[in-house]
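*Asks:* Build out the structure end to end from the sequences listed, making use of the hints.
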Amino acid sequence: MAVDEQLKSEMARQGIVVTSLQELYNWGRRSSVWPMNFGLACCAIEMIATTMARWDMARFGAEVFRPSPRQADLLIVSGTVTKKMAPQVVRLYNQMPEPRYVIAMGACAISGGPFKQGYNVLKGIDRYIPVDVHIPGCPPRPEALLQAFIELQKKIDAQPLTGEGRPRFLDVDAQGEFPVPEPGEHDLEPTSNKGVWTVPVVIK
Amino acid sequence: MTKIGTKLGFGRKKKPEGWNRPPVIEQTSEGELLEVAMGPHHPSTHGVFRMNLALDGERVIRLKPEFGYLHRNHEKLGEGQSYLASMPYTDRLDYLCSLTNNWAYALAVEKLTGQQVPERAEYLRVILSELTRFQNHAGTIGFLMQDMGCSGTPLMYAFREREKILDLFEELTGSRMMCNYMRFGGCRVDATPAWLDATRKVVAGLPAFLDEFEALLRSNEILMARTQGVGILPPDLAVNAGITGPLLRASGVNYDIRKVDHYGIYDRFNFKVPLGDHGDVYDRFMIRMLEMRESLKILDQALKEIPGGPVVDPKAKIRGFRPKPGEAYGRIESPKGELGFYLISDGGPNPYRYRVRPPSLINLTVLEDMSLGQNVADVVLILGSVDIVMGEVDR
Amino acid sequence: MKTVEEIKAAIEAAVPGAGVEVVHNPGPSGQHSLRLDPSHAVEVAKFLRSDAELAFDFLSNVTGVDWPDREVTEKVRVTRPVTRTVDGVEQTVEETVEETRKHVERGCLEVVFHLFSIEKKHGPLVLRMRTVNRTDQVELPSLTPVWRSAEFQEREIFDLYGVVFKGHPDLRRILMWEGFKDHPMRRDYVEPDDFDYEPTAHDEVLARAKAHQAALQAAAVGHEGTGAD
Chain A
18 MAVDEQLKSE MARQGIVVTS LQELYNWGRR SSVWPMNFGL ACCAIEMIAT
68 TMARWDMARF GAEVFRPSPR QADLLIVSGT VTKKMAPQVV RLYNQMPEPR
118 YVIAMGACAI SGGPFKQGYN VLKGIDRYIP VDVHIPGCPP RPEALLQAFI
168 ELQKKIDAQP LTGEGRPRFL DVDAQGEFPV PEPGEHDLEP TSNKGVWTVP
218 VVIK
Chain B
97 MTKIGTKLGF GRKKKPEGWN RPPVIEQTSE GELLEVAMGP HHPSTHGVFR
147 MNLALDGERV IRLKPEFGYL HRNHEKLGEG QSYLASMPYT DRLDYLCSLT
197 NNWAYALAVE KLTGQQVPER AEYLRVILSE LTRFQNHAGT IGFLMQDMGC
247 SGTPLMYAFR EREKILDLFE ELTGSRMMCN YMRFGGCRVD ATPAWLDATR
297 KVVAGLPAFL DEFEALLRSN EILMARTQGV GILPPDLAVN AGITGPLLRA
347 SGVNYDIRKV DHYGIYDRFN FKVPLGDHGD VYDRFMIRML EMRESLKILD
397 QALKEIPGGP VVDPKAKIRG FRPKPGEAYG RIESPKGELG FYLISDGGPN
447 PYRYRVRPPS LINLTVLEDM SLGQNVADVV LILGSVDIVM GEVDR
Chain C
18 MKTVEEIKAA IEAAVPGAGV EVVHNPGPSG QHSLRLDPSH AVEVAKFLRS
68 DAELAFDFLS NVTGVDWPDR EVTEKVRVTR PVTRTVDGVE QTVEETVEET
118 RKHVERGCLE VVFHLFSIEK KHGPLVLRMR TVNRTDQVEL PSLTPVWRSA
168 EFQEREIFDL YGVVFKGHPD LRRILMWEGF KDHPMRRDYV EPDDFDYEPT
218 AHDEVLARAK AHQAALQAAA VGHEGTGAD
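Chains as they are written, first to last, in the numbering used here: chain A, 18 to 221; chain B, 97 to 491; chain C, 18 to 246.
These are calculated hints, taken from the structure and not from any lab test. Predicted model only: the values in this text are computed from it and were never measured. The C-beta atom is built at its ideal place from N, Cα and C for all residues, glycine as well. Be aware that one or more of the hints could be misleading.
As the list claims (entries may be wrong) - Facing chain A, from chain C, some residues (calculated, C-beta under 10 Å):
1) L192
2) M193
3) E195
4) F197
5) K198
6) E221
*Replies:* Below you can see the structure in the form of structure tokens.
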């Protein structure tokens, strides 16, 4: 049973903190999201700049960049994903334990960006893995990455622990492994994961 | 100092066949070799780079670099679009130094079309390139220390100064990293007097940072123990393998394109080319430290002498032009080494061939030679001292 | 630095029968080049590197260039006899007419080398070599044994253009993955069809996106009988 918001703030004023398990749990999760130390291209430099003294990502509980995917919660796809690199990115994502989140940082990770017409450039990482937050920009400024991070925290906060819309790791039937594309003779095979990505409808 | 020719001895000393190949290292222990694939996701490979190592205990027996994880088809895209449209793409080659990339490309196109650059634009180009060189070298040293396990502090210091320089770039060009500032026959926008004053102020503060940085690192015992005598590159191999930039000069070869080609207006400035003695990782670290000081010298002179006038040649052809059939190779001394652009025009609006000569890729030619017989932990340092950016290696 | 003509003379004196040609560069850069005969290229390269006066010890840049087969249309002035009636009398007159002729110029793959001298601080000297054609005779001698800096660049040209360098110590693909079949920098390379979502398509991309959609619809019509959507 959720507590009435008004009653809750009333009690907080009296020094009594009331919370629900869901709130406590999500508060813990969102306050220590550990990103993976994984830089792809130009955006990685802005990602590093975000962790440095001026922008200081540590304020959001995300200063611990883990080199291993097995210790990380957040994959920041920071830069152009080439077709040679895409299988490795999916494999890294598969190696991350749940709960795991993905930020597609920059135009290249979203859609291929300026390099979209290149023969070796993947037109967006969301063709293979589910993406939680997209940040536009080439590269996005550190403020934009922080904004994406805050958005991600809001998203984690709003996740119910049971029922419809619960996170993947609390859902026994949810997909855990995502198929890794194989480099073929001319292109990646398959060219997208149909379970994750469908061709978006362009509204004219 | 000995003269370069006598030191290298080309044409005088006869070299045996195959002297420029990596040596074969014998296995000394019993048992199997350990094969390690380092990368493409590895925190110290500076991006998506992979090294296939064969280890005998801790010793490196074989090292094969593998590239292409960031191959973004820069050259193919460049052939399909106009000359001007490639300018923003050059920013993304070596994404730490977009302004020097701009300059190299502008220089090549200016050679192809025979354009002139006004004085003020030349000065602005020098100022921006030297600022770029400064922040690149500071960052490289920071990352090198990070690779050594000195987690954070030097990199934080370097990025603190880098942010100051990036603020200047942003104020002038509109972007922190991808500046897209230079044009064929000049620069895109003029610098205001306020910007020049702000630059003077930042440059005046940089020597203090360098003193602090040097005091922190230069005689640090761990740094000296880890880097001295590690990853030695002999000068004759460096020349033969086409190594350029600080890596070449750390091996004692006096070759700085700013001094050799005098491109732009570099012949007007008084600066020295620091040279190393041993060609090890420590020398490369020190060369970068000293080059930062020389950059500050150039900056001081350029900021003092910068004249007024236009920043773009009024007759400059910037967009929609068709160069006469022909070809040109233009090169500059970028912070990583010789960055060259080779353009072939067939008379059309797009280049027929657009080639980037990437210093980072060619500097990696000797990675195996430098690493063989070293400990695996030192390979990370040697790679860090080469100073690569994958956007340029794979293009 | 010597001019390319002088360098050509020096090469021909040192390597008899080298077959060096001067290629004139009409552009304002004035970087003329020398075209080498592939069978003597390694000897010439060794001479250029070790000659005390030239001392081209630094091979800076190696570039591949693709010259596809192209149809050349040229106007030729032809003089031919024509029968004409002048003042009621038939005469045979020599007449000069412009005629357009077409012929196919065989394409080739070209490799361009830019040499500098670190010892003498001069350069660039531009060397070029051409393969016989673009399909089966694509072999050129490797200059990696002379200048190590060619190692990765020649691998790149092998990968992206398909020039086979004989004598290269480790000729593998460098940028694309093993098992990739095409040579993407060639001008007739067709990119894989991943044009399924092009929100801001224009020009050529728009045409390709439309072609992709048409192909998809054709496939969907073909599948309707089997119950797929």
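*Asks:* Using the nearest Cβ pair, does K198/C come within less than 10 Å of chain A?
*Replies:* 4 Å, holds
*Asks:* Per the CB criterion, is L192/C less than 10 Å away from chain A?
*Replies:* 8 Å, holds
*Asks:* Tell me if E195/C is really an interface residue toward chain A, meaning its C-beta lies closer than 10 Å to one of theirs.
*Replies:* This hint holds: E195/C lies near chain A, its Cβ roughly 8 Å from the closest one there, short of 10 Å.
*Asks:* Does E221/C meet its interface restraint, that is, does its C-beta lie within less than 10 Å of any C-beta in chain A?
*Replies:* Since the shortest Cβ distance to chain A is 9 Å, the answer is holds.
*Asks:* Let's test the interface hint: is any C-beta of chain A closer than 10 Å to that of F197/C?
*Replies:* 7 Å, holds
*Asks:* Double-check M193/C for me: the hint is only fine if its C-beta lies closer than 10 Å to a C-beta in chain A.
*Replies:* Result: holds, 7 Å to nearest chain A Cβ.
Checked against the numbered hints given earlier, this structure breaks none of them.
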